[in-house]
Structure formats: structure tokens, C-alpha cells
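Undergrad: Listed below, chain by chain, are the residues.
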Amino acid sequence: MEDLAPPNQVAAAAGRLRFVKPRLAVKVGDRVKVGSLLFSDKNRPEIQFRSPGGGTVNAVTFGPRRRLQEVVISLDIDEDYEDFPQVSNADLGSIGRERLIELIVGGGLWPLIRELPFRDAARPEALPPAVFVYLDNLEPFHPLPKIYLDGAVDLLDFGLRLLERLSGATPVVTACSHNAEVLGGLKGISGRTLAGNYPAHDPGVVLYRTKTSADQNHAWFIDGQDLLLIAELLKSGRFPTGRVVTLGGPAATRPGHFRTRIGAPLAALTDGRTAAGEVRLVAGGVLTGNPTPRDSHLGLFEKALVLLPEGNTSGDFLGWTLPGAQTPSYSRAFLSSLRRRGEFPLDCNRHGGLRACIQCNFCTQVCPVDILPQLTYKAILAGEVEESLDHGLLDCVECGLCSLVCPSKIELLKTLRQAREQFYEEMS
Amino acid sequence: MNPVKRLFDSQRHRFAKGGRFEKYFFLFENIESVFFAPAVVTAAVPHVRDSLDVKRFMFLVIVALLPHYAFGIFNVGYQSHRASGLPLDFWPMVWVGLKTVVPMVAVTYAVGYFWEALFATVRRHEISEGLFVTCALFPLTLPPTQPLWQVALGISFGIVIGKEIFGGTGRNFLNPALTGRAFLYFAYPAQTSGDAVWTVLVAGRAAPVDAFTGATPLAVAQAVESGSIVQAWSEAGYSLSTLFFGLYPDSIGASCTLLCVLGALFLITVGVADYRIICGDILGFLAAGTLLNLVASSAASPYLGLNPFYHLMVGGAAFGIAYMTTDPVSAPALTGARWVYGFMIGMLTVVIRVFNPAFPEGIGIVILFMNCFAPLLDEIQMKARLRKRIPNVR
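Protein sequence lines correspond, in order, to chains X and R.
Read left to right, the first sequence gives residues 1 to 428 (the numbering used here).
Read left to right, the second sequence gives residues 1001 to 1394 (the numbering used here).
Hints are computed from structural coordinates only; laboratory data are not their basis.
If you're wondering where the values come from, they're calculated on a predicted model, not measured in any experiment.
C-beta atoms are modelled at their ideal positions from N, C-alpha and C, and glycine is treated no differently.
Heads up, some of the hints might be wrong.
Covered stretches of chain X (chain R as the covering partner; in silico rule of three or more C-beta atoms under 8 Å from a C-beta of chain R) [stated by the list, open to error]:
#, stretch
1, 20 to 32
2, 102 to 113
3, 223 to 231
4, 398 to 410
In silico DSBU-like pairs for lysine-lysine, Cα to Cα no more than 30 Å straight-line [said to hold, decoys possible]:
#, chain 1, residue 1, chain 2, residue 2
5, X, K21, X, K33
6, X, K414, X, K211
7, X, K146, X, K235
8, R, K1388, X, K378
9, X, K414, X, K378
10, X, K187, X, K146
11, X, K409, R, K1383
12, R, K1005, X, K414
13, X, K42, X, K146
14, X, K409, R, K1023
15, R, K1017, X, K378
16, X, K409, R, K1017
17, X, K211, R, K1388
18, X, K187, X, K211
19, X, K409, R, K1005
20, R, K1017, R, K1005
21, X, K235, X, K187
22, X, K27, X, K42
23, X, K414, X, K21
24, X, K21, X, K42
25, R, K1383, X, K414
26, X, K211, X, K235
27, X, K33, X, K235
28, R, K1005, R, K1023
29, R, K1383, X, K211
30, X, K409, X, K42
When you get a sec, could you build the whole thing from the sequences and use the hints?
TA: This is the structure:
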């Protein structure tokens, strides 16, 4: 792991947050400390976003329809910190649930605890049926738990204990089989080893595979690294700023793990590590992440930055007739299917024209939660909301595999996501 | 730079906005996309996509069909020389086959492409590659004597009524190639049934030589009133190996069971055809055949007692199983429904062959019939599947 040089500015990125309607609490020129309130949700006061740096607000940017994009803070050399109440190991046994919620909400880290099925911030008023803590992420190019947990096992343990207090349930800690050694370091709680390919790590998948009744649908979950932030907030009384992120993808010339700050400029990661040519920056993972402008900053939830060649070129002459020994594909339609492992070129080319669904069933085969994506998609387009819900629209973990494998290049994930968002809006 | 690429680049401005042929931009784009995959990048998550597209998917079916064309050209010439009493020399036979088959394929593709291009240009979408598969399948199912204007009419019906009016490939519920074939069967029975249509006569002959029987094995089987069908076949010159290799008068390229088996294995291997449909088909054939064997008696038609494996070997059964039932668009989507779909096709085909004297071969009609039931089979399995699901409705 490499430590990046401290940036001279950080930002709270709001543009890529889902289910949050930001209400700004600062304006350009305001002085802020580490942990000062920057913006909160218009409808849910417990959703607060606090400053990842101390200094002066030097820009507030807006996107389409005046949606808040970023609050940029230029950092002082000596940053001031907001003081938050501390919780010691001993306090943890006696502290009440209400008080704990108050501390996490007040510290601006409540949104890190999320709730299925929509993956928005958890609702503090209800006790969840289960809490999942996932230590690793099988999406390519994500931080490995043995790296970010190095020296932080006690902190994780503290976090797990406060999560137990918070939810009234023993957290289910998961890691996939090749990362299972980190589970050995846990005290008091025995972790669960997961087997399977991406997205076997996903709490939505774990819940789908283990649930026995509809009462369990609203389980909570949190990423292992995010839990460390909450633990650090309560233990130190200071808003945490550190973060382990990864840089990866075919266009990253020096990929790896980096220790940097929450909200660091992307340039701090990409400068000198990006291949020549047109490159797309995808923050949050190669399959689920969002494209990000180069002058943007890492969001609170984003732990991976993937650099993809744009691939904006036309294909080989009669490329569809070639054997395709170097062609990455889920299908067996290329010679490359004889060689499942190894490195394959990857870019943002769509690799084909839009077509109607031909029922190849690839999406059904890859769906981790047994949805029939192509039929759910058709139900959504036909306006059959009830039917799409019966199909398991809310079980969808938005892993993106259906869109990835579709030979007709149908935007399955986009359609399912939009339907989920629309349903969320109607429910709230 | 590739000269074809240079040609497209140099002509693009004529079709671009403001150009002389602006109206035909989609046609230009359609033709270009055949030669070069378009430089289109993703606009939504996930930002990477699989390399497989529908073009490749459909191309693999055409690869599987090419040996059938080679076989068809040979067999048309071979049967033609036998019927016309000419010596069985290889190249003259191939020449007769080429003269017969190539114009039919050319007409099919020209007319089929015309309709697809017309609909694609009007609807402003790209040409769907399903067309090329339909046009590759269609001539193989025709008798070699089919007049070219009927070929044109048949493929027009198949493409327009079987597919385009529903919105094109992917939205059709009938197999377009079979729709066109069925249209010809009902509209022009004189040119699509009987014993004479399966052989091209050359050398100025109006009737085949005396020793030659133009009846297809299925017609022979249906005509047997008592005794053994296998015996009747061997009297007509159809030995077991003749039937397996398909060297008898039949539609152009559908009779060779060997190639159908290889083609089916190829399509399953590359993941284009679903083995469930194929296995269902075969099980259906064998089940119905065995069932009829059980009720067969000396008084009943000898067709009831035919060994069920023969049903798989004669006529268009193997071709239908390998290439027509596996069309994923007109088949059901769900795996269980696919088994049932295949099984029903096999059963019904045997039943129609044995009991309906109007149809010596039933598989084409049966596939179209089961196409209509595919959505229902899907619906039934879907209901059962959703019942098992733990609801997640907020």
C-alpha cells in the first residue's frame, strides 16, 4: 500500500448519492472544521454529511436541475476538528441504543449504515431483523480486507460491538473464501465464509440466500471499512478522514492500494498512473460504479477507482466472423471460452448494436437472486409494477451482471434501477 | 487502412445530415455495421459489456448450416442424375445442385433483405441479424423444384407476416422461416407435396426413369398398408444408412440426420441452442413412438409399430429439432417450459405423421403450433416459480 501525499483540497461529493435530497448548510467562503455539517437530507434529518476537511469552502458546484454536486474545501495547514463525544470500550456495555444513534447521526456517519432492499440510509426508529457486515467486495479492483484491516482489528471489534448494541442483533460478518483468513482475527463473533463468484459478497445476495420469511427483507448492512469509520468517530471523538482506496482497470499504469483521505481529488490518484489515450474514470467499481469527471473527488461510499479505455473505435473488418481467442465473453461463442482465466482486454465499447431480446437466457443464468431479468424488464416496460415486484424487483442487488452479458445490449440494470427508484419515490 | 473502411469513410458524408442521401442514413449505417462493429460506447452502468452481440450469435447458426448447403447441393444433383438416368459423376451432379440451389438462396436473401431493410429504414433501427438465419434456413426446407417466384413469395410472407408486423426479430412469436414454408405448403400444394416435387429432372426428361422412386421415405411409410415399413423402405432403396445420411429425395438440405446431429452439438457447445429443447424433442419422439408400438397390432396400420428411432431419422425431424425448435425467440424462455415444449413437439409430430394422411411430415406445422403455446408454458412455469419466492414487496 502506498500513502498518497496530503491533498490541498477535499470535497463532499453529493452528485452520485442516491435517495438523498441535499439541503446545503454552508456557502462559499464559510470556514469549516473537520466534521462541520455541510449538507443534510431535506426529508430525513438523520442523514447528514459532514466535512472531511478543515478550511474554507471554496466552491459549491451544481449539476443538472440544480442538484448539488460537490462542496469543495481548501484545506488549512493546521486543520481544526469539531469535538464529538467519545465512547470508551467500557462505556459500550452500558450505553443506550437511543444515545448511540444520536452520536452516530450527530457525527454525520449514519448514512454509512444502510438498509435493504433499497440500500438507502437505515431507518433508526426500527430494529432491523439482521445486520450484515461485509469485509470484502468481489467486484474487481476493490480494497482487500487484509490490507485495510491491518492494525485495525481492535477498531473493527469495537465497531461490531456497537453495531450489536445498535441493532439488538449479532452482526453477521462475511468474507469470501479467498479472504477468509481475516475472519480469524475477530473476537467474540464468528464470521461467515462465503463461496461463489461476484456478487456473492453482497449482503443482498446473502440475505436472499438465507432468508426464511418476508420479515427479514429490511436487514441492515455496512461495509467493513465504513464500520471502521464509525468506530473511529466514537472512539476518538473526531470525524475520521482516512480511507484506503484502490486504483485499477486496464488503463491504470500503476494500480494498487492507496491510503488517502475521504473526498480526495481523483487527480491525486490518477496523476502519473493513467495510460495515454481516452480514459473513462469510473468511481465505485467496474460494474456498479459511475463515470466521474477528472476534476471530481472521491465520494463517501467510493473505495475503488477504475480506469477504462474508452474504446471509441470501430471493430475489426468482419469482426463477428473471427474466432476471438482474445475476446472476453460470458458466452461460449468465442475461442476464448477454452481459456477461462487470464487477462483479457476490456474497454467501454458496447461491442454491438441494440437489438430486441432474443431470449438467450444469459441474464437469467447470471442473476444472483433468481430474478428473470428479461421478463422483469418486459413487465416494467409494460407498466406492470405489481408483476415486476412479484418477480423480485426488490431482491435485485443491482450487480450489473445482466446488462454485462446481454448480447442485445439491453439496458437491463438501468431499467431495473429506475423502476426501483420510482417505486421508492412512490413509497416515501 | 482497409479499402472497405476507406470506401465507407469516403461515402459517409453523402448520408450524413444535409447530405444528398440523408434519408437513407440508416441503410448506410446498417450495411456498414455488417463490416465493422460500430464505435459506440456504453452510456449507462455497467460501463463494460460482453463482446458477444446478436450478430455473432446468429452467425454461429449460419456456420452450422453451411454443411447442409454443401450436402444439399450434392444431394439435389445426385437425386437428379439418378432420376434422369444420367451417370453418377461428381462434378456434373454438383453443377446441377448449384444451378438449382444458388438461385433459390439468392432470391431468398435478396427478397428477405429487401423487406428487412425497408422495415429497418422506416423504423430507424439497425437490421437485425435474425434475418440472415431465417434466409439461411428457408431454402433448405423447400423442395428443389419450387419455382423462384414462389420462393420469393414464401420468404416475403415469412419475414413480413411471421416477423416484421410484430416488430422484428425478438418480438415475433412464430418461427419466420417455418411461417414462410407453411405458407407455401398451403398456398401451393401442387408444388410442395406429392412425389414429383423432390427431384429435379434434367436432360429433357418429363418423368423419372422407371427404376427411380421419387417418393420420400415418409410418403413410402404412409402408403404401407400391411407388412413392415422398414421392408418397404428397403424395397424403395432406402437402407438404414441412406436414411441416416439423407441421400433420398427430400427438401434441399434437411434430410441428412448426421449433419443435424453435428450441427446440434455445435450449437449446444457454443451456447446458442438450448440442450433442453433438443432433449425434450427427442424424448417426445421416442415416447410417442414407443406408446404407439404398445398399441400396435396386426390389424392396425403398420406405421404404429415403427421403431421410434426411425421417426427421428426420416424427413425433417432432425433438421427441425436442431435448427427450428431451438430458435430461442419463438421457444419458451424458461428452462422447464423448454423441456415441455420440446416434448410436446416430439409427441405431436409422431402423432400427425402416423394418423394424419394429409401431412406426411408434421414437424413444421407442429413447431408453429407449439410456438403459439410457448407463452402459455412460460406463464405456467413462471406462476409456479413465483409461488416459491419469499415476497419482497416493501
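Undergrad: Now tell me, hint by hint, if it's right for this structure.
TA: Outcome of the hint check:
{"no.": "1", "hint": "20 to 32", "in the structure": "violated (count 0)"}
{"no.": "2", "hint": "102 to 113", "in the structure": "violated (count 0)"}
{"no.": "3", "hint": "223 to 231", "in the structure": "violated (count 0)"}
{"no.": "4", "hint": "398 to 410", "in the structure": "holds (count 8)"}
{"no.": "5", "hint": "X:K21 <-> X:K33", "in the structure": "holds (23 Å)"}
{"no.": "6", "hint": "X:K414 <-> X:K211", "in the structure": "holds (26 Å)"}
{"no.": "7", "hint": "X:K146 <-> X:K235", "in the structure": "holds (22 Å)"}
{"no.": "8", "hint": "R:K1388 <-> X:K378", "in the structure": "holds (21 Å)"}
{"no.": "9", "hint": "X:K414 <-> X:K378", "in the structure": "holds (13 Å)"}
{"no.": "10", "hint": "X:K187 <-> X:K146", "in the structure": "holds (16 Å)"}
{"no.": "11", "hint": "X:K409 <-> R:K1383", "in the structure": "holds (28 Å)"}
{"no.": "12", "hint": "R:K1005 <-> X:K414", "in the structure": "violated (34 Å)"}
{"no.": "13", "hint": "X:K42 <-> X:K146", "in the structure": "violated (38 Å)"}
{"no.": "14", "hint": "X:K409 <-> R:K1023", "in the structure": "holds (26 Å)"}
{"no.": "15", "hint": "R:K1017 <-> X:K378", "in the structure": "violated (34 Å)"}
{"no.": "16", "hint": "X:K409 <-> R:K1017", "in the structure": "holds (26 Å)"}
{"no.": "17", "hint": "X:K211 <-> R:K1388", "in the structure": "holds (13 Å)"}
{"no.": "18", "hint": "X:K187 <-> X:K211", "in the structure": "holds (26 Å)"}
{"no.": "19", "hint": "X:K409 <-> R:K1005", "in the structure": "holds (24 Å)"}
{"no.": "20", "hint": "R:K1017 <-> R:K1005", "in the structure": "holds (20 Å)"}
{"no.": "21", "hint": "X:K235 <-> X:K187", "in the structure": "holds (18 Å)"}
{"no.": "22", "hint": "X:K27 <-> X:K42", "in the structure": "holds (17 Å)"}
{"no.": "23", "hint": "X:K414 <-> X:K21", "in the structure": "holds (20 Å)"}
{"no.": "24", "hint": "X:K21 <-> X:K42", "in the structure": "holds (6 Å)"}
{"no.": "25", "hint": "R:K1383 <-> X:K414", "in the structure": "holds (26 Å)"}
{"no.": "26", "hint": "X:K211 <-> X:K235", "in the structure": "violated (33 Å)"}
{"no.": "27", "hint": "X:K33 <-> X:K235", "in the structure": "holds (19 Å)"}
{"no.": "28", "hint": "R:K1005 <-> R:K1023", "in the structure": "holds (22 Å)"}
{"no.": "29", "hint": "R:K1383 <-> X:K211", "in the structure": "holds (21 Å)"}
{"no.": "30", "hint": "X:K409 <-> X:K42", "in the structure": "violated (37 Å)"}
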